[in-house]
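**Student:** Chain by chain, the residues run as shown.
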Amino acid sequence: MSELTDLGVKAIRDGVAGGSFTAREVAEAFNAAVAEAADLNAFIVTTPDHALAAADAADAKRARGEDLGIMGGVPIGMKDLFATRGVQTTAASHILEGFTPQYESTVSQKLWDAGAGMLGKLNLDQFAMGSSNETSYFGNVSSPWKKNGTNAAMSPGGSSGGSSSAVAARIAPAATGTDTGGSIRQPAAFTGICGIKPTYGRCSRWGVVAFASSLDQAGPMARSVEDCAIMLEAMAGFDPKDATSLKLDVPQWEAGLSADLKGKKIGIPKEYRMDGTDEAILKSWEQGKEWLRDAGAEIVDISLPHTKYALPAYYIVAPAEASSNLARYDGVRYGLRDLPDGAGLQDMYAATRAAGFGDEVKRRILIGTYVLSAGFYDAYYTQAQKIRTLVSQDFEQAFGQCDAILAPTTPTASFPLGSLNEDPLTMYLNDVFAVPASLAGLPAMSVPAMVNDDGLPLGLQIVGKPFDEQGVLNTGLAIQQRAGFDAQPDKWW
Amino acid sequence: MSVTREEVAKIASLARIKMGDDELDTMVPELNNILNWVEQLGEVDTSGVEPMTAVIPNSLRLRDDVVDADPLTAGGRREDVLANAPAAEHGFFGVPKVIE
Numbered sequence: 001m002s003e004l005t006d007l008g009v010k011a012i013r014d015g016v017a018g019g020s021f022t023a024r025e026v027a028e029a030f031n032a033a034v035a036e037a038a039d040l041n042a043f044i045v046t047t048p049d050h051a052l053a054a055a056d057a058a059d060a061k062r063a064r065g066e067d068l069g070i071m072g073g074v075p076i077g078m079k080d081l082f083a084t085r086g087v088q089t090t091a092a093s094h095i096l097e098g099f100t101p102q103y104e105s106t107v108s109q110k111l112w113d114a115g116a117g118m119l120g121k122l123n124l125d126q127f128a129m130g131s132s133n134e135t136s137y138f139g140n141v142s143s144p145w146k147k148n149g150t151n152a153a154m155s156p157g158g159s160s161g162g163s164s165s166a167v168a169a170r171i172a173p174a175a176t177g178t179d180t181g182g183s184i185r186q187p188a189a190f191t192g193i194c195g196i197k198p199t200y201g202r203c204s205r206w207g208v209v210a211f212a213s214s215l216d217q218a219g220p221m222a223r224s225v226e227d228c229a230i231m232l233e234a235m236a237g238f239d240p241k242d243a244t245s246l247k248l249d250v251p252q253w254e255a256g257l258s259a260d261l262k263g264k265k266i267g268i269p270k271e272y273r274m275d276g277t278d279e280a281i282l283k284s285w286e287q288g289k290e291w292l293r294d295a296g297a298e299i300v301d302i303s304l305p306h307t308k309y310a311l312p313a314y315y316i317v318a319p320a321e322a323s324s325n326l327a328r329y330d331g332v333r334y335g336l337r338d339l340p341d342g343a344g345l346q347d348m349y350a351a352t353r354a355a356g357f358g359d360e361v362k363r364r365i366l367i368g369t370y371v372l373s374a375g376f377y378d379a380y381y382t383q384a385q386k387i388r389t390l391v392s393q394d395f396e397q398a399f400g401q402c403d404a405i406l407a408p409t410t411p412t413a414s415f416p417l418g419s420l421n422e423d424p425l426t427m428y429l430n431d432v433f434a435v436p437a438s439l440a441g442l443p444a445m446s447v448p449a450m451v452n453d454d455g456l457p458l459g460l461q462i463v464g465k466p467f468d469e470q471g472v473l474n475t476g477l478a479i480q481q482r483a484g485f486d487a488q489p490d491k492w493w
Numbered sequence: 001m002s003v004t005r006e007e008v009a010k011i012a013s014l015a016r017i018k019m020g021d022d023e024l025d026t027m028v029p030e031l032n033n034i035l036n037w038v039e040q041l042g043e044v045d046t047s048g049v050e051p052m053t054a055v056i057p058n059s060l061r062l063r064d065d066v067v068d069a070d071p072l073t074a075g076g077r078r079e080d081v082l083a084n085a086p087a088a089e090h091g092f093f094g095v096p097k098v099i100e
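Going down the list, the protein sequences come from chains D and S. So the first sequence is numbered by the UniProt record's numbering: it starts at 1 and just counts up by one. So the second sequence is numbered by the UniProt record's numbering: it starts at 1 and just counts up by one.
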């Protein structure tokens, strides 16, 4: 038998349920792999005891002949944006260093209820703001991948970079991610794994550190489409504690998986052929069309005319919401307090926030404060919200002609850490293909397609109609089966 | 449109983030870069377009009118609420003196 750490969610769950190995053996194997992989810096804290306790509970249930749950015996990584009771939750920021929630986020609780355990809290871009995992207060995360013939540390993408790195390095079979403007899909593409952002409102935001509330969605990251389907089922569901939670039953996505796309139409948006997109990415997109044709789908050309305005609109809407959401970090109720000698309340706020937020977070708070300020609100914020309506209408019209959309996930493959830092704008452009679906609240997934000439993974993105995660997963499965992506990074950590 | 150093200092003050001279020097061109780039949104004719407020049609619910219906978010949890406070005093959040 292969090593336990090579197994994904489904294989572990079924293996534990079938008695091929115990959940404890699995948890021990992954705990050891996590302990060995400090060089990746994927985890901010590790929680081996949490994983072992959940494993023992699963093994005990099996001994009693009880149902183990759909994630029974599977240890996972938890992005450090989810509040976990008794376990430090930082959003990779200094301002929340040492913050120990007294409650559990809905999504993490659902995963524990489904039988999963926690290997640790995963590193990320600070407050999920970043596309390279270089804005964490706790240091950069390295991708397990290297460019052929070089030894430079590569970006695992962001903001869910600890999640993508850990899953690609097989130190976790799966991990939670959150996606505000590509933070699940872009890191998944950079590291050769799968990740799905469901329809806005599928997963509760309760207990998830807020970035931009009208965009934030949680989702799973794993090495196969099947594993994503299983884990999303465990994470999703109505939550009265989140005002934007969808009051819908959770579909049985795993049982509904089918790679037969006969009768389905897949749209190819012409506006996604942008200057600056890698040749290899365009090639993988062409290949993706072939794979989907082979699966029985019809490929149709579509137009999403406002695509080029999605990214700038996002960089108004998201910072505006962030500036409001992050007003809560004031040094009074939780987190860091910086109280200079003789300072009053206002000075304490300003000193605390200066010491507690990183540069990118400050930049976005300032942008957000500016676009919401008197005199500029309509020109920036209202205009961006109107563009958001137009972007959303583009998709609505396109879905009159197709069932799902195929596009690249990112304009380039991963890049070396430190190579895009000189200009925030260049970094923002990484999410140019991911952001439109976020603005429209649509389910969207990245699946690995191939490696480029440098030996780095490339992802393909599938965007679906609202609530049609099944269509997205099925299209992803058709690609997965034909891509046969089995490249793995060489272990250097 | 571009912002001046004074304007950035004003925004930072509104956002309650203390900024030194060096930080302002870096921030001004960065913000201007981003603001110049988002200017392109002005090209789009949005007359007659409603600004989006809810991305997925969803009506806001009212919860049942029951006191402490969900114990997790109910009252009577002062210790939990104060557990992470940097300066909890006498069962309250402590802050520097605000009234002379």
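None of these hints come from the bench; they were simulated from the model. Wrong hints could be hidden among the right ones.
Dumping the calculated DSSO-like pairs for lysine-lysine here, alpha-carbon to alpha-carbon at most 27 Å [to be verified]:
{"#": "1", "chain 1": "S", "residue 1": "LYS18", "chain 2": "D", "residue 2": "LYS362"}
{"#": "2", "chain 1": "D", "residue 1": "LYS270", "chain 2": "D", "residue 2": "LYS465"}
{"#": "3", "chain 1": "D", "residue 1": "LYS264", "chain 2": "D", "residue 2": "LYS465"}
{"#": "4", "chain 1": "S", "residue 1": "LYS10", "chain 2": "D", "residue 2": "LYS265"}
{"#": "5", "chain 1": "D", "residue 1": "LYS262", "chain 2": "D", "residue 2": "LYS308"}
{"#": "6", "chain 1": "D", "residue 1": "LYS262", "chain 2": "D", "residue 2": "LYS283"}
**Student:** None of the hints should be skipped; say for each whether it holds.
**Tutor:** We went through each hint and held it up to the structure:
1. S/LYS18 with D/LYS362: Holds - the C-alpha atoms of D/LYS362 and S/LYS18 are around 10 Å apart, at most 27 Å.
2. D/LYS270 with D/LYS465: The hint holds at about 18 Å.
3. D/LYS264 with D/LYS465: Measuring from Cα to Cα gives roughly 13 Å; hence the hint holds.
4. S/LYS10 with D/LYS265: 52 Å, violated
5. D/LYS262 with D/LYS308: 32 Å, violated
6. D/LYS262 with D/LYS283: 24 Å, holds
Consistency note: the structure conflicts with the earlier hints numbered 4, 5.
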